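Undergrad: Listed here are the chains, written in short residue letters.
There are 2 protein chains.
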Amino acid sequence: MSSLDILFNPTSVVLVGAAHTEMKFGGVILKNLLRFRGKVFPVNPKYRELMGLPAYASLKEISGPVDLALVIRPASEVPEILRELNGKVKCAIVMSSGFAEVGQNKLQDEIKEIGREIGIRILGPNCMGVFNPHARLDTFFLPYERLKRPRKGNVAILSQSGAVLSCLMSVLREANIGASKAVGYGNAMDIDVSDLYDYLAHDTYTDVVVSYIESVGDGRKFIESAKRLSEQKSLIALKAGKGETGQAAAYSHTGRLAGRYEVFHAVLKQFGIREATDFDELMDAAKALSYQRPSKGRRVCIITNGGGSGVLAADECMRQELAVADLPEDKKERLGREFPNFFGINNPVDLTAQVTDKDYGITINALKDDYDGFLVIALPNVLGITERLGGIMKDLKESVKKPFVFHLAPSGISARLTALLEKARIPVYPSPERAVRGLRTLLDQQ
Amino acid sequence: MSSLDILFNPTSVVLVGAAHTEMKFGGVILKNLLRFRGKVFPVNPKYRELMGLPAYASLKEISGPVDLALVIRPASEVPEILRELNGKVKCAIVMSSGFAEVGQNKLQDEIKEIGREIGIRILGPNCMGVFNPHARLDTFFLPYERLKRPRKGNVAILSQSGAVLSCLMSVLREANIGASKAVGYGNAMDIDVSDLYDYLAHDTYTDVVVSYIESVGDGRKFIESAKRLSEQKSLIALKAGKGETGQAAAYSHTGRLAGRYEVFHAVLKQFGIREATDFDELMDAAKALSYQRPSKGRRVCIITNGGGSGVLAADECMRQELAVADLPEDKKERLGREFPNFFGINNPVDLTAQVTDKDYGITINALKDDYDGFLVIALPNVLGITERLGGIMKDLKESVKKPFVFHLAPSGISARLTALLEKARIPVYPSPERAVRGLRTLLDQQ
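So the protein sequences, as listed, match chains A and B.
Using this note's numbering, read the first sequence as starting at 942 and increasing by one per residue.
Using this note's numbering, read the second sequence as starting at 942 and increasing by one per residue.
Here chain A stands alone, though its shape is the one from the complex (with noise of 0.2 Å):
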């Protein structure tokens, strides 16, 4: 097993730093820990038992060795601890801040050459760790009360910043996308975002790798591993300290330099690596990933009950570039011969308010093979909207075979009806606009 299975998939934990009380982060990580289905040895020279787990004074008085270490101690603490791990421990995870990011540059090149001299791979310092719910692995000092994590999926979540990252988790699980694996990479002393894209590029569990970044470190490296794991997988990049003041505010947060974004910027695009403008931009974009692959073409055929929510969705087409090309003549006067005259036979599809499910199956029966995606909006405030359109959809979006989005506003049954979408792997968007960017994502395979 390399240093980073070791990271994801140990056998046995140690924790220097444990605590009795989740009033304290040692505490919250190791109740977090209870779930975990390998060994776990709290550290803690106080106590003879933590949490119903024996405790042990020192690492000295745990015999054999153990996978990983975390430690959360002070980090005037860390270089000690560190160096007792010598020959224990394959890897180790340093959550403590008080390093780089606070100007204590010298301390935390002491540990990273510490972990050289001992020959372990360290992630952090000044992050939150791993969240592999495969292997029920948790070190997250965040309490479940406070953070739900998101079910098991295919979405991996990489992030500089533990907010950030506490953050994707919760809007992950709101949006109903699973999780493959989190890491919170803080300070990327030794194991950084480069480290952790090659890992993922051969991960089965994960198919979109989600990327929160404030800096690279060595530019050349990450964008050979951007590229090697964005053809394996979908990969969608934030990067964060955009302007002065963003990289000021970055700098300070994690001890290193964010660098002009306009080169990263250039260099992403020049090698087709999808990059969101925001975190909203950014969830958006990995549940359209997580849920459909994507494919090539611009041309959209949008299908509407609200005549409004079309024109928003064609402008934001504009925007996004994608093409809301007319009907083909033969398609019109077929569904001219179907739909009541008042019915909108153009691209948006206007159903209008008198719409019935099923006229959403004729449209995109009709249409399947002329476009190369398909936004459907039902707003389901009209007694014609009922909820065997989940079933309906989902028969169509196994024939149709292509980019499906869709738009639902809030309502009665839009809870319901979502839950059916998103059973059947079709991602809802609670705003036109937001549809069509998540469709987007699915159609920049040029």
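If you're looking for bench data, these hints aren't it; they were derived computationally from the structure.
Heads up, some of the hints might be wrong.
For identical chains, the list gives no copy identity; a pair is met inside one copy or between any two copies.
[What the hints assert, rightly or not] In the DSBU-like style, the derived pairs of lysine-lysine whose C-alpha atoms are separated by at most 35 Å in a straight line are:
{"hint": "1", "residue 1": "Lys965", "residue 2": "Lys1272"}
{"hint": "2", "residue 1": "Lys980", "residue 2": "Lys1272"}
{"hint": "3", "residue 1": "Lys1364", "residue 2": "Lys1029"}
{"hint": "4", "residue 1": "Lys1053", "residue 2": "Lys1343"}
{"hint": "5", "residue 1": "Lys965", "residue 2": "Lys1364"}
{"hint": "6", "residue 1": "Lys1047", "residue 2": "Lys1299"}
{"hint": "7", "residue 1": "Lys1364", "residue 2": "Lys1089"}
{"hint": "8", "residue 1": "Lys1364", "residue 2": "Lys1001"}
{"hint": "9", "residue 1": "Lys987", "residue 2": "Lys1272"}
{"hint": "10", "residue 1": "Lys1273", "residue 2": "Lys1047"}
Everything numeric in this text was worked out from a predicted model, so none of it was measured.
Based on the hints, put chain B in the right spot on chain A.
TA: Structure of chain B alone, referenced to chain A:
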């Protein structure tokens, strides 16, 4: 009373096309009218009683005048119905579709002419009509089970599109924003957006006007009304039909040409009228303006307990041309003495995961005279953040007297904390960037 007063505050209403079942629009409207405080006359020749009200076979059977007529019969019958209304009503809403939006321009011209002849103002055709919670008037053909209405409040919504109107209403409700009025004015054959602006400029219930526009008809009249309105209230417009595709879609939707967007945009900008880019931005701006008064200045202070979230906010400030200006030196020293050395005493102020509620109070009190607006980010997944923060913020907001917005990530206590903050009229947003855009709306009076 003017015709528009009668539109919003009739004492009696006749519904031509009332139905016995909610499976018909005329039945949904009648059911919603049961809540109305005034008198309701349902007209339908087939029934003697409808939903517990005496029904009338024709308009002739109703003795004496009625304030407002609602018409929901097929388009071809509308001219005759209007003629029968002669001398009987002061104002009418024609909800029926089948006019200019489907190429029946002659029919629309005919009913326009009849309205002029019989001396009444007409809203519509092809429209949703009026919602006025203060009069318990609701002419929308959407059942309550399908579209929950927003609570009473200070935001008026105007929309050409019934679909967008219904989406705005449900999002208003979800975002805890109250409505003063809502109007779906459809084809705007007679009463148009300018008339509605003129009315709302003097409506005491309304502080904010949210205006979804596909076309404006008489451009000069529109601009003059918009200018007058925005001198009295906060006006925010979303123009749909921006590109060629969107314009074509808008035309087939309401039968009016959308006009060149560039001209519209330039004129709005010239007169300092706020414009939203998309649906979400419109709602985020409405929330900010509904809760707080706009003011001058561009200097923003960001206070966060999550470094990365602060960086994302700083990036968005740059895009929105807000200045994340450095802390004054004396304040840096003062806060440096109060706080532990690992807190980031810059802008953004980073209170880290080790924050407690009171640290926000200390920070804002120290800096309240140094900035034009404040963005507070509290990621409530750490135990130091409790519901007490709601009370602290309420007191601070009163003493700061400047634009003041919040970003909370979803977590165990975020729903309760959001309720407390919004009761104190501090708008809460689900991402750092959306919070910045909300704050920008409050700081664009230059």
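Undergrad: Now look at each hint and say whether the structure bears it out.
TA: Right, here's what the structure says about each hint:
| no. | hint | in the structure |
| --- | --- | --- |
| 1 | Lys965 x Lys1272 | between (65 Å within a copy, 30 Å between copies) |
| 2 | Lys980 x Lys1272 | neither (64 Å within a copy, 49 Å between copies) |
| 3 | Lys1364 x Lys1029 | neither (45 Å within a copy, 55 Å between copies) |
| 4 | Lys1053 x Lys1343 | neither (48 Å within a copy, 46 Å between copies) |
| 5 | Lys965 x Lys1364 | between (39 Å within a copy, 32 Å between copies) |
| 6 | Lys1047 x Lys1299 | between (68 Å within a copy, 33 Å between copies) |
| 7 | Lys1364 x Lys1089 | both (21 Å within a copy, 26 Å between copies) |
| 8 | Lys1364 x Lys1001 | neither (50 Å within a copy, 55 Å between copies) |
| 9 | Lys987 x Lys1272 | neither (77 Å within a copy, 40 Å between copies) |
| 10 | Lys1273 x Lys1047 | between (71 Å within a copy, 25 Å between copies) |
In this structure, the earlier hints numbered 2, 3, 4, 8, 9 are contradicted, and the remaining ones agree with it.
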